[in-house]
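Chains G, Z and U supply the protein sequences, listed in that same order.
Numbering-wise (my numbering), the first sequence opens with residue 1 and increments by one.
Numbering-wise (my numbering), the second sequence opens with residue 1 and increments by one.
Numbering-wise (my numbering), the third sequence opens with residue 1 and increments by one.
I should point out that these hints are in silico values taken from the structure, not numbers from a laboratory.
Even glycine gets a Cβ: it sits at the ideal position worked out from N, Cα and C.
Honestly, I wouldn't trust all of these hints.
Here are the simulated distance ranges between beta carbons [as the list claims (entries may be wrong)]:
| hint | chain 1 | residue 1 | chain 2 | residue 2 | range |
| --- | --- | --- | --- | --- | --- |
| 1 | G | E41 | Z | A136 | 52 to 60 Å |
| 2 | G | Y86 | Z | D116 | 25 to 33 Å |
| 3 | U | E80 | Z | M70 | 21 to 29 Å |
| 4 | U | A71 | Z | K71 | 32 to 40 Å |
| 5 | G | Y86 | U | A71 | 44 to 52 Å |
| 6 | U | L21 | Z | W117 | 52 to 60 Å |
| 7 | G | Y91 | Z | P75 | 26 to 34 Å |
| 8 | U | E80 | Z | N72 | 48 to 56 Å |
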Amino acid sequence: MPLQIDGKTYETDEEGYLANLGDWTPELATAMATADGAELEDNHWEVINFLREYYEEYQIAPAVRVLTKAIGKKLGKDKGNSKYLYELFPYGPAKQACKYAGLPKPTGCV
Amino acid sequence: MDEAGNGGGNGVTKKFMYMNRKAPYGTVYALESLEVVLIAAAFEQDISVVFADDGVYQLMKGQDTEGIGMKNFSPAYAALGDYDINKIYIERESLEERGLSLDDLQALTWEDEDDDWKEKSSLHLVGRDELAALIAEQDIVLSF
Amino acid sequence: MLHIVNKSPFERNALESCLRLAADGSAVLLIEDGVVAAASNTRFGGMLADGMKRDLKFFVLSHDAAARGLAPERLAPGVETVDYGGFVDLVTSHDTVQSWL
Numbered sequence: 001m002p003l004q005i006d007g008k009t010y011e012t013d014e015e016g017y018l019a020n021l022g023d024w025t026p027e028l029a030t031a032m033a034t035a036d037g038a039e040l041e042d043n044h045w046e047v048i049n050f051l052r053e054y055y056e057e058y059q060i061a062p063a064v065r066v067l068t069k070a071i072g073k074k075l076g077k078d079k080g081n082s083k084y085l086y087e088l089f090p091y092g093p094a095k096q097a098c099k100y101a102g103l104p105k106p107t108g109c110v
Numbered sequence: 001m002d003e004a005g006n007g008g009g010n011g012v013t014k015k016f017m018y019m020n021r022k023a024p025y026g027t028v029y030a031l032e033s034l035e036v037v038l039i040a041a042a043f044e045q046d047i048s049v050v051f052a053d054d055g056v057y058q059l060m061k062g063q064d065t066e067g068i069g070m071k072n073f074s075p076a077y078a079a080l081g082d083y084d085i086n087k088i089y090i091e092r093e094s095l096e097e098r099g100l101s102l103d104d105l106q107a108l109t110w111e112d113e114d115d116d117w118k119e120k121s122s123l124h125l126v127g128r129d130e131l132a133a134l135i136a137e138q139d140i141v142l143s144f
Numbered sequence: 001m002l003h004i005v006n007k008s009p010f011e012r013n014a015l016e017s018c019l020r021l022a023a024d025g026s027a028v029l030l031i032e033d034g035v036v037a038a039a040s041n042t043r044f045g046g047m048l049a050d051g052m053k054r055d056l057k058f059f060v061l062s063h064d065a066a067a068r069g070l071a072p073e074r075l076a077p078g079v080e081t082v083d084y085g086g087f088v089d090l091v092t093s094h095d096t097v098q099s100w101l
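Assemble the whole structure, with the sequences as input and the hints as a guide.
Now the structure itself:
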């Protein structure tokens, strides 16, 4: 199920996760969101960028619980809760945000 | 899975130990164990992770897998603290046998929420007898 | 003859069997988990040194050593590192190859 944007083709897995982390661009994230009928605003980008930094450091996509705690620590308590994150990413913060961030699906996420 | 992850299960906490005894990359055991540990962390059990025998090589600093075309998954061990896994035991004799010391292993830390988020080491160097006692007190030991 | 060992000597006795049975002057290449045998300051250092006394030549695949955090300076003296090209050269320059699985 390759992704086609601006005439370029990007490999993805069967669930739409980018096959090559290195292919990622912000434009790609926007296009993936648009395809889902979502629009990315600053609040979304905070989380997406956080996920990319996390992956860069640890080479894994964090579990929701870990993401929530870490976001709270970095961006403030009002954002470090699952309600806030689910409002931003209704399909699940780990799943949906990881997808837009170009990361693989988090380990243990079904 | 979610219920357990949110601590809303039936409240039974068991002592789980993950025993790692293989060098990384030559076999899939090390990576499999890491993934299982990360998943198991969601169930809020009493988890400890042991590196003994060749398993100590899993935590070696400076792993460079570019030449073997495999993913270097060693940075993920540093995330274990975020997953509330901070009882990581290294068998002293296994290190010594391999001419290694704790300095050769990557530092693993966790932040203690109850102590002003102070960063503490997750690595515990234990001798053979001490490790034997730890194993004896587990409910479940999973071997990799 | 070129002997290839891919198991850690701490875990299996493949290296010991290899050294027991390899003829003087043979080459021994350590790959995959077998590279840990070449780490300095282990009890296998003596075994390698004994082998060198009877003209065994030891090689270690550098990529497998690097993956396990074993930089060249951590390897026992007298052990030579080879890359994949060197691996191929070893195979082609020996008439027979024996893998100790």
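The hints, checked one at a time:
1. At roughly 55 Å, the beta-carbon separation of E41 (chain G) and A136 (chain Z) lies within the given 52 to 60 Å, and the hint holds.
2. Separation of Y86 (chain G) from D116 (chain Z) is about 30 Å and conforms to the stated range, judged on CB atoms against 25 to 33 Å.
3. A beta carbon spacing of about 24 Å between E80 (chain U) and M70 (chain Z) agrees with the range 21 to 29 Å that was offered as a hint.
4. Restraint check, A71 (chain U) to K71 (chain Z): a C-beta distance of roughly 20 Å breaks the suggested window 32 to 40 Å.
5. Distance hint check: the CB atoms of Y86 (chain G) and A71 (chain U) are about 46 Å apart, consistent with the given range 44 to 52 Å.
6. Between L21 (chain U) and W117 (chain Z) the beta carbon distance is about 58 Å. The supplied range of 52 to 60 Å therefore holds.
7. The hinted window of 26 to 34 Å between Y91 (chain G) and P75 (chain Z) holds, with their beta carbons roughly 27 Å apart.
8. Checked against the given bound of 48 to 56 Å, the beta carbons of E80 (chain U) and N72 (chain Z), roughly 25 Å apart, lie outside it.
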